[in-house]
Amino acid sequence: MDKLGSLFLPPAKSTNAADVDALFGFISITSVIIFVGILIATIAFIIIYKRKSDNDVTSLNDHNTTLEIVWSIIPVFLIVYVFYWGFTDYLKLNIPPANAYEVQVIGQKWNWAFKYNNGYTSPNELHVPKGRPVKLVMQSRDVLHSFYIPDFRIKHDVIPNRYTTVWFEAIESGESVIFCTEYCGTSHSDMLAKVIVHEEEDFQKWLKESGGRPADMPLADYGKMLYTKSGCQTCHSTDGSKLVGPSYKGLFGSKKTFTDGSSLVADETYIKSSILNPSEHVVAGFAPVMPTYQGILSNDDIDAIIEFIKEQK
Amino acid sequence: MSTSSGINADLGLKLKRFVTPDHPEVNYAQAEKGIKAWLTTVDHKKIGLMYLGAIAFFFFIGGLLALLLRAELWTPAKTFLDADAYNQVFTLHGAIMIFLVLVPSVPAALGNFFLPIMVGAKDVAFPRLNLLSFYIYLAGATFSLYSIVTGAVDTGWTFYTPYSATTGTSVVSMTLGVFILGFSSILTGLNFIVTLHKLRVPGLTWGKLPLFCWSLYATSVIQILATPVLAITLMLLVMERTLKIGIFDPALGGDPVLYQHFFWFYSHPAVYIMILPGFGIISEIIAIFSKRRIFGYWFIALSSMAIALIGFLVWGHHMFVSGQSTLSSIVFSLITFFVGIPTGIKIFNWVATMYKGSISMRTPMWYAMIFLFLFTIGGFTGVTLGTLSVDVHLHDTYYVVAHFHYVMMGGMLIAFLGGLHLWWPKMTGRMYNERWANIAAFLIFTGFNMTFFTQFILGAKGMPRRYYNYIDQFQSLHQFSTVGTWVLALGFTIILIYLLQSLGKKGVIASKNPWNGRSLEWLTTTPPVLENFTYTPVVIHGPYDFHKPIAEFEYGIESHGHGHHDASVHHSNEESVNA
Amino acid sequence: MSHNSSAVQSHVAHHFVDSEQQFDAAKFGMWIFLVTEILFFGGLFAAYIIYRAWYPDLYTMASTQLDTTMGAINTGVLIFSSLTMALSIWAAQHNDKKKTGIFLLVTIACAFAFMVIKYFEYTHKFHLGIFPGEAYTFTGIDHPKAHIFFSIYYMMTGLHGIHVIIGIGLIFWLWMKNNKGSFNSAYYTPIEIVGLYWHLVDIIWIFLFPLLYLID
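Protein chains in written order, with my numbering: chain A, 447 to 759; chain B, -13 to 565; chain C, 3 to 218.
Some clues are possibly wrong.
Listed below are the simulated DSS-like cross-link pairs for lysine-lysine, each with C-alpha atoms no more than 25 Å apart in a straight line [as the list claims (entries may be wrong)]:
| # | chain 1 | residue 1 | chain 2 | residue 2 |
| --- | --- | --- | --- | --- |
| 1 | A | Lys702 | A | Lys759 |
| 2 | B | Lys64 | B | Lys534 |
| 3 | B | Lys342 | A | Lys496 |
| 4 | B | Lys64 | A | Lys640 |
| 5 | A | Lys498 | B | Lys342 |
| 6 | C | Lys147 | B | Lys230 |
| 7 | C | Lys100 | C | Lys182 |
| 8 | A | Lys675 | A | Lys561 |
| 9 | B | Lys64 | A | Lys695 |
| 10 | A | Lys675 | B | Lys64 |
| 11 | A | Lys581 | B | Lys447 |
| 12 | B | Lys342 | B | Lys534 |
| 13 | B | Lys2 | B | Lys194 |
| 14 | A | Lys498 | B | Lys534 |
| 15 | A | Lys756 | A | Lys718 |
| 16 | B | Lys230 | C | Lys120 |
| 17 | C | Lys127 | B | Lys230 |
| 18 | A | Lys576 | A | Lys654 |
| 19 | B | Lys184 | B | Lys194 |
| 20 | A | Lys576 | B | Lys447 |
| 21 | B | Lys64 | A | Lys688 |
| 22 | B | Lys184 | C | Lys29 |
| 23 | A | Lys496 | B | Lys534 |
| 24 | B | Lys447 | A | Lys640 |
| 25 | A | Lys759 | A | Lys688 |
| 26 | A | Lys651 | A | Lys640 |
| 27 | C | Lys179 | C | Lys99 |
| 28 | A | Lys561 | A | Lys581 |
| 29 | A | Lys688 | A | Lys756 |
| 30 | A | Lys538 | B | Lys64 |
Hints in this document: simulated from the structure, not taken from any laboratory. Remember, it's a predicted structure, so these values are computed and weren't measured experimentally.
Looking at chain A on its own, in the form it has when it is part of the complex (with noise of 0.2 Å):
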């Protein structure tokens, strides 16, 4: 069953992942050997009962009672025990336990936000420990988006005006992909994220640490980090070429028009009120789909930012 699972499902990496994976491996065997049944019956019959004249004499018996109540019963059987299976792992994947470490997540298009208990916003990398529960409380800026992480094996749909949760525990330190899974528009497919998997002391050393431009690291250079991280580039550019928003390349400076027909030239004002406020002042030619990152980037953050636009030249 390892070797099916290697050959069909990703590494599992999360408590309940060897769960579902049973069930999957026992559904998936149980209905091959079904099949394979169905599939040699109806081979055999095909060479033996091949018709050889067109007088051939067939059965008359049209029905069997029996038969009917055997192949009904069975197969009842089957799928309740399947049923029950398959509900008592969803209880587990659906009750986080009582002393599960919070995070809340935030989708919007494109991109995912982490926001941890100090205040801490992780763009795009959900950091946890191993070996200790982690409850999601997830809510969605604009559309549906999925929470989907197929290495832990769950996935929540994130709901505007609602909260939704997931839990689970790591079993293994390392990165694996999160996808978003409820289409949500033009970047769906890249609206992606990292989860990052802690030994617990490192992951208290990165709580420690997370929140802020290290020490060492220019302005710029953390803006550009800021940049890949937070999701600016699945839509801004920095090489000219245009994506769903205008690309950086000789942004600073230059005079935008923007759909009312008013302008202004890019100075840092206009990009901070661009990032807090993108409604605003959308440039003409460029639909208004970006959200708002207030509550997500800091003030030093979009500093930064504005540094890396500024270089872009």
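Take the given structure of chain A and dock chains B and C to it, following the hints.
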């Protein structure tokens, strides 16, 4: 009961034997000529053929879109489409294939043509309504296609709110199109139910009805019960976009999960609209080509009805991770499993029908076997998806995409092809080239599995659906799947060529009963005459009583211009002719 | 009668055996159509029930804005029109062309009266700023979801109103046919099936009235 006098005594009718010639002097297509006669006809057979043409056209469009999608997925990043175009293409592919192809395919094309003949009627109960439903279908299709011109739609065929309430594309014209198509579907269902209840010829009891009719009956029940709910849901969505009524859009105080409940309340039963008629065709094919009484007639007939009814109670299995309550999910999962039972019963009965039969592997039978293979896989993976904990992992991945293609395409479309090959000689009077037909069936089988079995693996590994870009490790599987679509395309092209070729000057003329069938459509001329029969058939034996001499299926009573069955005929002095 | 096809009445379509089969089929078809109508409205009733379960206080507050008197009059008008509709079938069955016409006209008049009262109700609300959806500006109801109640109200009564208008058209068509003498005791199928439709429109209103207007 080997003589007609015995039969006469049983039914209290003066029966005559009518030996119909293979070919009529004037068939239905020649009876009224010209484009105008076709466009204004109320003849169910012509309407069925017009549907067939329209459906084939939309299948061609939908198929091209699918080829585009798979080609774009050749590389993990942009291959040749940009993201918005890709999103529009998959939306259109889904919407066209479901609303314009699969939902009407068997009922509106083959059902329209054969249901009235199979019950011995001259037409459906409301012929003008039938023509109206065809034009409603065209109007709906026009609306849907209009949305492509005005900026396409990028919501996915499910139109989930709030995305569909806010995106800038032409959602309104698309949903109005689907709304209109719904009425076409309702009218067809209504017509079939009344036809089956009121227009059967004497002797054709419910227990002697061909299983294809039973499956269309079950389909029609779903059509009339579920489609109105979709209509009102789409109406609310249109209002949401135009008036901002706020029922589904959370930004206006509404609830997006409610939309999903409304949507799936129709769209899950719609899945059975798309598969039940396929079951009917498979029952016909397996019985005819095994030349054997169908095994478990009532189990097959009533399991269709059971599926139709249970199918209304399982919509929530699309929403295990959507934010409905845990209790609802559990209940929906349990009921979902119980839909599997009647489906399993059908499969076992079909296989049992082949036991001790006289099996002839002609083209339609190959399609029935392909159906059994693919649909069984689709059914089993449905169980996997219905399982709560496993579905959490598989929901909205390629596993789901593969599952519904196995059920819808491997099931319904293959059954449709089976039916098309079964009845093509009857509809057109021409026989296709069977060698090429078998080659095409083999290509489709191979291409289909290459394309979609791969997607089970992709999905289980975590590849989400509706993804334009994907992570590099999935590339080889994606490429294999794309190659599969080329094989499929080749198969469909071959079918198109030999079917058209059979209509040409060199086409082989078909006899009236090339497969030695026993239901009423095989007893009339090929192609049928305008009002299907020149007499009123009287049904004595079941449609699968292959052991009875064909002569005993040819009894009927004189037709008197109006209608067929005629209760007063036994007062007449007509002599019966002994067989 | 089947020996002589001229004996078969001219209203029987070619694919039916006799008048009775045609009548049965038409009536059965209409019943099925009514089932689809019920499910069509059913979607709106479901939305109504769900939001009422979520916000019971909203419904109590918002329904005070609906005019119970006008609603009650309209209920009476529709019930009466159902009666006249039934009487027109009775008259047709008795070959009474004149009475059939009169009853049909009374039914049409009732339907118009219903729409006129509905018009006054709507314009009064528009005047207050009670519009469906985004245009809602009324401030008299202290509930954040007040606009949703009225969206549901307008959708339900609006859809019902459209059905009344379609009904007016159908009954008018019956009246024209009746004037030409198309109906008699052997053939009154169109009146019968339009009558079924009209009763359904009536019944839906009988549900709408208490559900929307009479909430304590």
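Structure-based check of all given hints:
Proposed proximity of Lys702 (chain A) and Lys759 (chain A) is supported: the alpha carbons are some 15 Å apart, at most 25 Å. In summary, the hint linking Lys64 (chain B) to Lys534 (chain B) is not supported, as the alpha carbons are separated by about 63 Å, beyond the 25 Å threshold. A threshold of 25 Å between alpha carbons decides the hint, and for Lys342 (chain B) with Lys496 (chain A) the separation of about 9 Å falls inside it, so the pair holds. As the CA atoms of Lys64 (chain B) and Lys640 (chain A) are separated by approximately 22 Å, the hinted pair is consistent with the 25 Å bound.
Taken as a hint, the Lys498 (chain A) and Lys342 (chain B) pair is honoured in the structure, with Cα atoms around 12 Å apart against an allowance of 25 Å. For the suggested pair Lys147 (chain C) and Lys230 (chain B), the alpha carbons sit about 13 Å apart, so the restraint of at most 25 Å is met. Of the supplied pair hints, the one linking Lys100 (chain C) and Lys182 (chain C) holds, its CA atoms being roughly 11 Å apart against a limit of 25 Å. Between Lys675 (chain A) and Lys561 (chain A) the CA atoms are separated by roughly 14 Å; this keeps the pair inside 25 Å, and the hint holds.
Only pairs whose Cα atoms come within 25 Å are accepted, and Lys64 (chain B) paired with Lys695 (chain A) is accepted, the gap being roughly 22 Å. This hinted pair checks out: Lys675 (chain A) and Lys64 (chain B) have alpha carbons roughly 22 Å apart, not beyond 25 Å. Only pairs whose Cα atoms come within 25 Å are accepted, and Lys581 (chain A) paired with Lys447 (chain B) is accepted, the gap being roughly 24 Å. A distance of roughly 17 Å separates the Cα atoms of Lys342 (chain B) and Lys534 (chain B); the hinted pair therefore holds under the 25 Å criterion.
At roughly 20 Å between alpha-carbon atoms, Lys2 (chain B) and Lys194 (chain B) fall within 25 Å of each other, so this suggested pair holds. Straight-line distance between C-alpha atoms of Lys498 (chain A) and Lys534 (chain B) comes to about 19 Å, which keeps the hinted pair within the 25 Å bound. Note on Lys756 (chain A) and Lys718 (chain A): the hinted pairing holds, with a Cα-Cα distance of about 13 Å set against a maximum of 25 Å. Distance hint between Lys230 (chain B) and Lys120 (chain C) is fulfilled; the C-alpha atoms sit about 23 Å from each other, no more than 25 Å.
Between Lys127 (chain C) and Lys230 (chain B) the alpha-carbon distance is near 18 Å, which keeps this suggested pair within the 25 Å criterion. Restraint check for Lys576 (chain A) and Lys654 (chain A): satisfied, since their Cα atoms lie roughly 17 Å apart, inside the 25 Å limit. Taken as a hint, the Lys184 (chain B) and Lys194 (chain B) pair is honoured in the structure, with Cα atoms around 15 Å apart against an allowance of 25 Å. Only pairs whose Cα atoms come within 25 Å are accepted, and Lys576 (chain A) paired with Lys447 (chain B) is accepted, the gap being roughly 23 Å.
A C-alpha spacing of about 14 Å is found between Lys64 (chain B) and Lys688 (chain A), which places the hinted pair at or below 25 Å, so the restraint holds. A hinted pair counts as satisfied when its Cα atoms are at most 25 Å apart, and Lys184 (chain B) with Lys29 (chain C) qualifies at roughly 11 Å. Using a Cα cut-off of 25 Å, the hinted pair Lys496 (chain A) and Lys534 (chain B) holds, with the two alpha carbons roughly 21 Å apart. Taken as a hint, the Lys447 (chain B) and Lys640 (chain A) pair is honoured in the structure, with Cα atoms around 17 Å apart against an allowance of 25 Å.
Of the supplied pair hints, the one linking Lys759 (chain A) and Lys688 (chain A) holds, its CA atoms being roughly 16 Å apart against a limit of 25 Å. For the proposed pair Lys651 (chain A) and Lys640 (chain A), the alpha carbon gap of about 19 Å is at most 25 Å, so the pair holds. At roughly 10 Å between alpha-carbon atoms, Lys179 (chain C) and Lys99 (chain C) fall within 25 Å of each other, so this suggested pair holds. At most 25 Å may separate the alpha-carbon atoms for a hinted pair to count; Lys561 (chain A) and Lys581 (chain A) meet this at roughly 12 Å.
Taking the CA atoms of Lys688 (chain A) and Lys756 (chain A), the gap is near 18 Å; set against the 25 Å cutoff, the hint holds. In summary, the hint linking Lys538 (chain A) to Lys64 (chain B) is not supported, as the alpha carbons are separated by about 40 Å, beyond the 25 Å threshold.
The earlier numbered hints that this structure contradicts are 2 and 30.
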